[in-house]
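Participant: Could you put together the complete structure from these sequences and hints?
Protein sequence lines, in the order shown, are assigned to chains A and H. For the first sequence, position 371 matches number 371 in our numbering, and the numbering has no gaps at all. For the second sequence, position 124 matches number 515 in our numbering, and the numbering has no gaps at all.
Quick caveat, the hints were computed from the structure, so don't treat them as lab data. Hints may be right or wrong, so weigh each one.
[To be verified] No farther apart than 20 Å at their CA atoms in a straight line, the calculated lysine to any residue pairs in the SDA-like style are these:
no.	chain 1	residue 1	chain 2	residue 2
1	A	Lys247	A	Ala275
2	H	Lys566	H	Pro682
3	A	Lys247	A	Val230
4	H	Lys629	H	Lys566
5	H	Lys566	A	Ile263
6	H	Lys566	A	Pro262
[What the hints assert, rightly or not] Derived CB-CB ranges, DEER-like:
no.	chain 1	residue 1	chain 2	residue 2	range
7	A	Ile274	H	Tyr550	51 to 57 Å
8	H	Ile503	A	Val250	30 to 36 Å
9	A	Val132	H	Ala670	33 to 39 Å
10	A	Val132	H	Thr504	52 to 58 Å
11	A	Pro137	H	Leu397	51 to 57 Å
12	A	Leu50	H	Ser571	52 to 58 Å
13	A	Val80	H	Leu397	55 to 61 Å
[To be verified] Selected chain A positions facing chain H (Cβ under 10 Å, derived; list incomplete):
no.	residue
14	Ile56
15	Phe185
16	Thr348
17	Thr351
18	Arg379
Just so it is clear, CB atoms sit at the ideal spot from N, CA and C, and this is done for glycine as well.
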Amino acid sequence: MTATRSEASPDSAATPPPAARRRPSMLSGSAVRFGADAVIAYATAIAAALLVSSLIIVLVGGSPLQVTRSMLEGSLGSRVAFAETINQATPVLLVAIGTIVAYRAGVFNIGQEGQFIIGALAGAAVGTKVSVITGIPLLIGILLASCAGGALWALLAAVMKYARGVHETVTTLLLNLVAYQLVSFAVNRQYLLQMSGDSGSGNLGPQTDPIPRSARLATPFSDYDLRFHVGIFIGIAAAIVLAMVLKRTVWGYGLRMLGENPIAAHRAGVSAAIAGGAALVISGAVIGLGGGVLLSGTVFRVQSGFTTNLGWEGLLVAQIALRRPIPAIWVSLLWGALTAGGGFLVATGLTRDLVNVVKALVVLALLVPPIYLEYRARRRAVALAVQGASA
Amino acid sequence: MNWSDLETVLNAAMRLAVPLLFAAIGEWIAERAGTLNLSIEGMLLGGAFASMIGAELTGSTVGGLIVGALAGLLIASLHAQFCYRLSANNFVVGITLTILVVALTGFLLTEITMQPAQTGILTIPVLENIPLIGQALFSQRWPAFLVWPLIPAAWWLIYRSRWGLEARAAGENPKSADASGIPVNLRRRQALMIAGALAGLGGAHFAISEVGRFSQEMTGGRGFIVLAAVIFGGWRLKGTILGCLLFGLADSLRLALPALGYTLNPQLLISSPYVLALAVMLVFAGRARRPAALAHPFRRGAP
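Facilitator: Following this line, the structure appears as structure tokens:
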């Protein structure tokens, strides 16, 4: 979508005076500064979301205070809980980073779910079928395969977009649905990836064999009860690399130009097909890597329908982080804390659904502050413009 | 496959397609006005949940259907406020609302118990005896018959009414529409509300007519199938309806074939309509009639 373009570029015809020209852009987010009013706006939004959540909990006869306490305990209350938070944040972070790559180039990838599970499936294929290598080389093979899987799934959409002009939102959405079936197909076939000796009637449903123990992501701090795997470092590294690329390289500059003003990008010689296509494929690769990290870090095998919305959640995290890679780290950690806390809620007899209610309300609330801040900045700019005109 | 098997499959296909048809007609209207509505899964599920509550409260299945449609309307109005007043991102709002409804219904389901309720079957005499399609078309739960007058009504609304022209303009070229005095965001909100009410009705029909009770995540991704049906139909009403029927047929074949003793790859069967839709777009890309401003927010003055 050219939402980014339409929000961000300074207009040419009716250009307001310079003061207004630098109005912050909501979608690229680069100009929302975190002053006091931003803090107040965000705090108000989160408070509102928590208030509504509390109301729901009270309505069904629960205690919001106790829910909060157990969620805190489950996410930050102990080393085990903290490690769980990190593990939950990791795949979401990688999906968010992948999403940001595409969105900053103005390519609306909504195929995170598909790219994620295809990535995981490709990783599982290498992990369970390749027997010539073991240990770290196999792990690297798994992760590379998941990158390739996600990239391939995005490449299909990229080819359709740039060769035939079919919009990426439509293709990526449909490819999600195909991917679900493809995974289901693979894990239901003995000659493909179905667990050996499983007739599909097991109580866990069809699934692949687990990947070998030696090829799993290490948990270097498990001696200190911090059982998080090193995937988080992959995620953080991806975020930093993306931030540097966007900020410091010509290629990243071209990408941003393509996203914010495709006409200017075209005039400047940035090829939409090459830069945009690359952005979409890289986006798919990073999202697929998220699937591979989930596979080799926490779940170890692929089941039909195992992602539990991680693709969509990564998209939400990318948007809350205003499509900037570094803030995406913090937002996904917060997201991981909510997820981990939600897991703990189950132990206290409440359903995990409750935390998804809270998450959704928080996301809805967090959509408002950047829009509000931009609206205010615009009003201010218009006021300045009026002043300038009358002076 | 013999004659009566075919009849069974077609009957099941129709039953599975009708909830999709309700929602897809609504989604088609919303997409023509420029909304790619990812919250439609939430609208279906919310409608399904609310219909069972409504049926219990009002003591009638009609009440249930109305409450279901209202629930869809409520979700749509939330979506509309976020996207076409605040101009928040269409996809993010849609996905979030779907997650919210899935979680909220799942959560509430553990807190309350619901009585099953089901509408009656309406059979049109004589016509039901038409071989092959008689049962499928003329012997259904009665709300299914509401879908037939809905099709010409939606066609007229979009292609022949002033409102429809304005809504299409809002979906194709919001700037020009705005310049000629059409309230773009209002038309988009209204179109989305229609989609919400119809999707809610579709979900309600699914729960209260076809299944007779509510279970967690019972719509199981049918909202995405609805989106795929509109894409499959090339953003035309005829194609959208054909898409729904095809998806219904694929689903019924998946359910029926093993019982009838045939083996066919279920995953291939389910994904074939999607692959077909992709292939159609690949071949006829030049003639794509996707609303040009689909999922673009509109703000006056923004370039």
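Participant: Hints first: check each against the structure and report whether it holds.
Facilitator: Outcome of the hint check:
For the hint pairing A/Lys247 with A/Ala275, the CA-to-CA distance comes to about 16 Å; that is within 20 Å, so the pair holds. Our distance criterion of 20 Å between C-alpha atoms is met by H/Lys566 and H/Pro682, whose separation comes to about 14 Å. Our distance criterion of 20 Å between C-alpha atoms is broken by A/Lys247 and A/Val230, whose separation comes to about 26 Å. Between H/Lys629 and H/Lys566, the direct Cα distance comes to roughly 28 Å. Violation of the 20 Å bound is thereby established for this hinted pair.
A C-alpha spacing of about 18 Å is found between H/Lys566 and A/Ile263, which places the hinted pair at or below 20 Å, so the restraint holds. For the hint linking H/Lys566 to A/Pro262, the alpha-carbon distance of about 18 Å falls within 20 Å, and the restraint holds. Distance hint check for A/Ile274 and H/Tyr550: the Cβ-Cβ separation is about 40 Å, which falls outside the suggested range of 51 to 57 Å. Taking the beta carbon of each, H/Ile503 and A/Val250 are about 59 Å apart, not inside 30 to 36 Å as hinted.
Checking the proposed 33 to 39 Å range against A/Val132 and H/Ala670 shows it holds: the Cβ atoms sit about 37 Å from each other. Checked against the hint of 52 to 58 Å, the C-beta distance between A/Val132 and H/Thr504 comes to roughly 57 Å, which is consistent with it. Against the hinted window of 51 to 57 Å, the Cβ-Cβ separation of A/Pro137 and H/Leu397 comes to about 55 Å, which satisfies the hint. Taken as a hint, the range 52 to 58 Å is violated for the pair A/Leu50 and H/Ser571, whose Cβ atoms sit roughly 44 Å apart.
For the pair A/Val80 and H/Leu397, the beta carbons lie near 58 Å from each other, so the given range of 55 to 61 Å is met. A cut of 10 Å between beta carbons decides the hint on A/Ile56: the least distance to chain H is about 8 Å, and the hint holds. The beta carbon of A/Phe185 is positioned within 10 Å of a beta carbon in chain H (closest approach about 4 Å), and the interface hint is therefore held. With 10 Å as the threshold, the beta carbon of A/Thr348 stays out of range of chain H, its nearest partner Cβ sitting at about 13 Å, so the hint is violated.
Nearest Cβ of chain H to the Cβ of A/Thr351: about 5 Å, under the 10 Å cut. The hint holds. Contact between A/Arg379 and chain H, as hinted, is not supported at the beta carbon level, the nearest pair being about 12 Å apart and thus beyond 10 Å.
Going down the numbered hints, you'll see the structure goes against 3, 4, 7, 8, 12, 16 and 18, while the others check out.
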